[in-house]
Amino acid sequence: MVASDLILEALLNGLLLGGIYAVAALGLSLVFGIMDIVNLAHGHMLMVGAYVAIFLFTTFNITPIIGMIGAFVVLFALGMALQRVLLERVVGEGIEQPIIVLFGLALMLQSIGRIWVGSDAQATDIGIPGEAIDIAGATLSFPRMVTFVISILLILGTWAFLKFTTTGLAIRATAQNNSAAQYMGIDTDNIHVLTLGLGTGLAGAAGALLSMLFPITPFVGWSYLLKAFAVVVLGGVGSVAGTLVGGLILGVSENVGVLYLGGGFRDIISFSIFVLVLLVRPHGLFGSSGGGE
Amino acid sequence: MLGSNDYFTGLFENRRRTVAFVVASLALATIPFTTTPYVTDIVFTGLIFVMLGVSWNLIAGYAGQISLGHHAFFGVGAFISAWLTTPARANLPEAIQSPLLVAVFVGMLGAGLLALVLGPILFRLSGHYFAIGTLAVAAIIQLVLEDQRRFSGGSTGYYVQNSMSSEVIFLLTLVATVATIVVSYGIVNSRSGLGMRAIHDDESAASSLGVNPLKYKLFSFVVACAMAGLAGGFYAQFRLYVNPESTLSVTWLVDTLVVVILGGMGTLAGPILGAGLFLSLDTGLRTFAGEFATVIEGGLIILFIVFVPGGLYKFLADRFGSEDQPSDADQPAPNEP
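In the order they appear, the protein sequences are chains A and B. Reminder that position 142 of the first sequence reads as 142 in the numbering used here, one-by-one numbering, no gaps. To convert, take the position in the second sequence, counting from 1, and add 1000; that gives the numbering used here.
If we strip away everything but chain A, and leave its shape as in the complex, we get (with noise of 0.2 Å):
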């Protein structure tokens, strides 16, 4: 049996990498919420997101706390290029076509991560000094306490910009309504891009965040789509609240099973989790419909 101490810090640890998860999987869930587009390549901009903020790290020295906004920038220059110059082509003439567009993006990337920056793990260091804590035993790294901060902050963020803005509000009417929202004066093509680059540009954030903690090499893309995806469908398409809820899910999850089963699980908990959702409610545990079709 696993002591006491052990379990709940687990479970404190999993709440903290759980931030994380929410964040990665935002970019993901606002652009199949609001464009009904699944970004295949969006585990692999978070990738692209770990490099750059590796990059600022060892090059310059820069703490990825800071260098998460040169993610930030890069992805969402790379997103915004992206819709303007091949989605926007393919989008409305079935699912085939972004899926293969998406998908062959995400190869790219992989392929000249590898060339680039070869096979070997990399990561980053928090760079600034900090002390772990204590809590009935059971003990927070400062890293994962510091990305979590910064992730709720993210995720705030996020929201308080879809809801306050003007900007965000012409997003959420695109997503309820394109046509509508076309009437009313409000460029859907525009908003389309900028969704986009938003969404790719978290992907960025959070790679950074995540190079804190894990070692990143260029083939993590297709296991950070799968659980991005976990904690989208967890959380409901769309949901800002519903995308934190299920990285927080998710994160627990993770970590407690990987103490009763072996680290070697860690993935197979996930997507094992992810299948199970999709199969008892479709459309996430909060969400009521998503852009299923």
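Simulated from the structure, these hints should not be mistaken for laboratory data. Treat each hint with caution, since some may be false.
Below, in silico cross-link-like pairs of lysine to any residue (SDA-like), each with a Cα-Cα straight-line distance of 25 Å or less [unchecked claim]:
{"hint": "1", "chain 1": "B", "residue 1": "Lys1215", "chain 2": "A", "residue 2": "Arg281"}
{"hint": "2", "chain 1": "B", "residue 1": "Lys1314", "chain 2": "B", "residue 2": "Leu1300"}
{"hint": "3", "chain 1": "B", "residue 1": "Lys1314", "chain 2": "A", "residue 2": "Leu276"}
{"hint": "4", "chain 1": "B", "residue 1": "Lys1215", "chain 2": "B", "residue 2": "Phe1123"}
{"hint": "5", "chain 1": "A", "residue 1": "Lys163", "chain 2": "A", "residue 2": "Val149"}
{"hint": "6", "chain 1": "B", "residue 1": "Lys1314", "chain 2": "A", "residue 2": "Arg89"}
{"hint": "7", "chain 1": "B", "residue 1": "Lys1314", "chain 2": "B", "residue 2": "Arg1197"}
{"hint": "8", "chain 1": "B", "residue 1": "Lys1314", "chain 2": "A", "residue 2": "Glu96"}
{"hint": "9", "chain 1": "B", "residue 1": "Lys1215", "chain 2": "A", "residue 2": "Leu276"}
{"hint": "10", "chain 1": "B", "residue 1": "Lys1215", "chain 2": "A", "residue 2": "Val280"}
{"hint": "11", "chain 1": "A", "residue 1": "Lys163", "chain 2": "A", "residue 2": "Leu140"}
{"hint": "12", "chain 1": "B", "residue 1": "Lys1215", "chain 2": "B", "residue 2": "Lys1314"}
{"hint": "13", "chain 1": "B", "residue 1": "Lys1314", "chain 2": "B", "residue 2": "Ser1025"}
{"hint": "14", "chain 1": "B", "residue 1": "Lys1314", "chain 2": "B", "residue 2": "Asp1201"}
{"hint": "15", "chain 1": "B", "residue 1": "Lys1215", "chain 2": "A", "residue 2": "Glu96"}
{"hint": "16", "chain 1": "B", "residue 1": "Lys1215", "chain 2": "A", "residue 2": "Val277"}
{"hint": "17", "chain 1": "A", "residue 1": "Lys163", "chain 2": "A", "residue 2": "Ile133"}
{"hint": "18", "chain 1": "B", "residue 1": "Lys1314", "chain 2": "B", "residue 2": "Phe1123"}
{"hint": "19", "chain 1": "B", "residue 1": "Lys1314", "chain 2": "A", "residue 2": "Val277"}
{"hint": "20", "chain 1": "A", "residue 1": "Lys163", "chain 2": "A", "residue 2": "Asp189"}
{"hint": "21", "chain 1": "B", "residue 1": "Lys1215", "chain 2": "B", "residue 2": "Ala1205"}
{"hint": "22", "chain 1": "B", "residue 1": "Lys1215", "chain 2": "B", "residue 2": "Asn1189"}
{"hint": "23", "chain 1": "A", "residue 1": "Lys163", "chain 2": "A", "residue 2": "Tyr183"}
{"hint": "24", "chain 1": "A", "residue 1": "Lys163", "chain 2": "A", "residue 2": "Thr188"}
{"hint": "25", "chain 1": "B", "residue 1": "Lys1215", "chain 2": "B", "residue 2": "Ile1096"}
{"hint": "26", "chain 1": "B", "residue 1": "Lys1314", "chain 2": "A", "residue 2": "Gln97"}
{"hint": "27", "chain 1": "B", "residue 1": "Lys1215", "chain 2": "A", "residue 2": "Ile112"}
{"hint": "28", "chain 1": "B", "residue 1": "Lys1314", "chain 2": "A", "residue 2": "Glu88"}
{"hint": "29", "chain 1": "B", "residue 1": "Lys1215", "chain 2": "A", "residue 2": "Thr188"}
{"hint": "30", "chain 1": "B", "residue 1": "Lys1314", "chain 2": "A", "residue 2": "Gly94"}
Distance windows between CB atoms, simulated [stated by the list, open to error]:
{"hint": "31", "chain 1": "B", "residue 1": "Glu1245", "chain 2": "A", "residue 2": "Ile66", "range": "35 to 43 Å"}
{"hint": "32", "chain 1": "B", "residue 1": "Arg1124", "chain 2": "A", "residue 2": "Gly168", "range": "30 to 38 Å"}
{"hint": "33", "chain 1": "A", "residue 1": "Asp187", "chain 2": "B", "residue 2": "Ser1208", "range": "31 to 39 Å"}
{"hint": "34", "chain 1": "A", "residue 1": "Leu140", "chain 2": "B", "residue 2": "Leu1101", "range": "33 to 41 Å"}
For each residue, glycine too, the CB sits at the ideal point set by N, CA and C.
Starting from the structure of chain A, add chain B where the hints point.
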């Protein structure tokens, strides 16, 4: 359901195409005896891609269900056939040791059975959810195999032994490839094929007309996955090596997608044309572009699906189409891979 000859009459109506198909198959049969092992190896890979492409096309191109888990069924077929010809390495009882053909056949059945079990669960999902769901299931299958080192050999891989020469295995693979094409042709032109295309075009409309979507989806999924397992079984026996990382790698799915999309989704000749094109391209690219080959292939999928969505087959048919082409789907497969 394939018992009736009606489904195959179209195949023999157009003599020119039939003759071309037979001649091409016979020409391929001489390859291991007339060329170098290097060429034989490349053509063998081509045959595997034809099987993977034709089968994925059945579920994705005809039934319209984008499965991103095809590589897992290929890998399952490969591992089952490896276990059956070489049980000792996995500490399996010697009693299950079987001849190559039995092993490959059981591999095909195993992959089909797995699809039959997973299908009803996965088809509760549709569209994007189905695509991602199949990707997740394939990842789980791969992770479980990687974790079970005793059965999969882990990262060292699993060496396979059998008593047949590679020339014979090549010929058997060729026969299996031809069978895959002919069976696909039969299915596409049967009632089931009509049902599959109906749910592809409009699932609710088909459903309201009495077509049971689950039945046709499941049928195409099981057949396609069994074909992938068949390809995997021959692959394991020809290469004499399987590895949970590379044999179940998503690369197989990528290559399958390239083959089908280059050639033309939802056409029978498409994947065959695509496999030929992909193979020459891939071999050429690896010589000239080296490790950038995969990057270029990823780019090619994107360019083709955006600018030539019908694929090479449709492109050629539009340019040089003869008058005897009623529709893409009815075409037999005369082109040499």
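Hint check results:
| no. | hint | in the structure |
| --- | --- | --- |
| 1 | B:Lys1215 to A:Arg281 | 22 Å, holds |
| 2 | B:Lys1314 to B:Leu1300 | 17 Å, holds |
| 3 | B:Lys1314 to A:Leu276 | 40 Å, violated |
| 4 | B:Lys1215 to B:Phe1123 | 10 Å, holds |
| 5 | A:Lys163 to A:Val149 | 21 Å, holds |
| 6 | B:Lys1314 to A:Arg89 | 20 Å, holds |
| 7 | B:Lys1314 to B:Arg1197 | 18 Å, holds |
| 8 | B:Lys1314 to A:Glu96 | 17 Å, holds |
| 9 | B:Lys1215 to A:Leu276 | 22 Å, holds |
| 10 | B:Lys1215 to A:Val280 | 21 Å, holds |
| 11 | A:Lys163 to A:Leu140 | 33 Å, violated |
| 12 | B:Lys1215 to B:Lys1314 | 29 Å, violated |
| 13 | B:Lys1314 to B:Ser1025 | 23 Å, holds |
| 14 | B:Lys1314 to B:Asp1201 | 18 Å, holds |
| 15 | B:Lys1215 to A:Glu96 | 21 Å, holds |
| 16 | B:Lys1215 to A:Val277 | 24 Å, holds |
| 17 | A:Lys163 to A:Ile133 | 35 Å, violated |
| 18 | B:Lys1314 to B:Phe1123 | 30 Å, violated |
| 19 | B:Lys1314 to A:Val277 | 40 Å, violated |
| 20 | A:Lys163 to A:Asp189 | 20 Å, holds |
| 21 | B:Lys1215 to B:Ala1205 | 15 Å, holds |
| 22 | B:Lys1215 to B:Asn1189 | 17 Å, holds |
| 23 | A:Lys163 to A:Tyr183 | 21 Å, holds |
| 24 | A:Lys163 to A:Thr188 | 18 Å, holds |
| 25 | B:Lys1215 to B:Ile1096 | 34 Å, violated |
| 26 | B:Lys1314 to A:Gln97 | 16 Å, holds |
| 27 | B:Lys1215 to A:Ile112 | 42 Å, violated |
| 28 | B:Lys1314 to A:Glu88 | 23 Å, holds |
| 29 | B:Lys1215 to A:Thr188 | 39 Å, violated |
| 30 | B:Lys1314 to A:Gly94 | 18 Å, holds |
| 31 | B:Glu1245 to A:Ile66: 35 to 43 Å | 36 Å, holds |
| 32 | B:Arg1124 to A:Gly168: 30 to 38 Å | 34 Å, holds |
| 33 | A:Asp187 to B:Ser1208: 31 to 39 Å | 38 Å, holds |
| 34 | A:Leu140 to B:Leu1101: 33 to 41 Å | 59 Å, violated |
Violated hints, in rising order: 3, 11, 12, 17, 18, 19, 25, 27, 29 and 34; the structure is consistent with all others.
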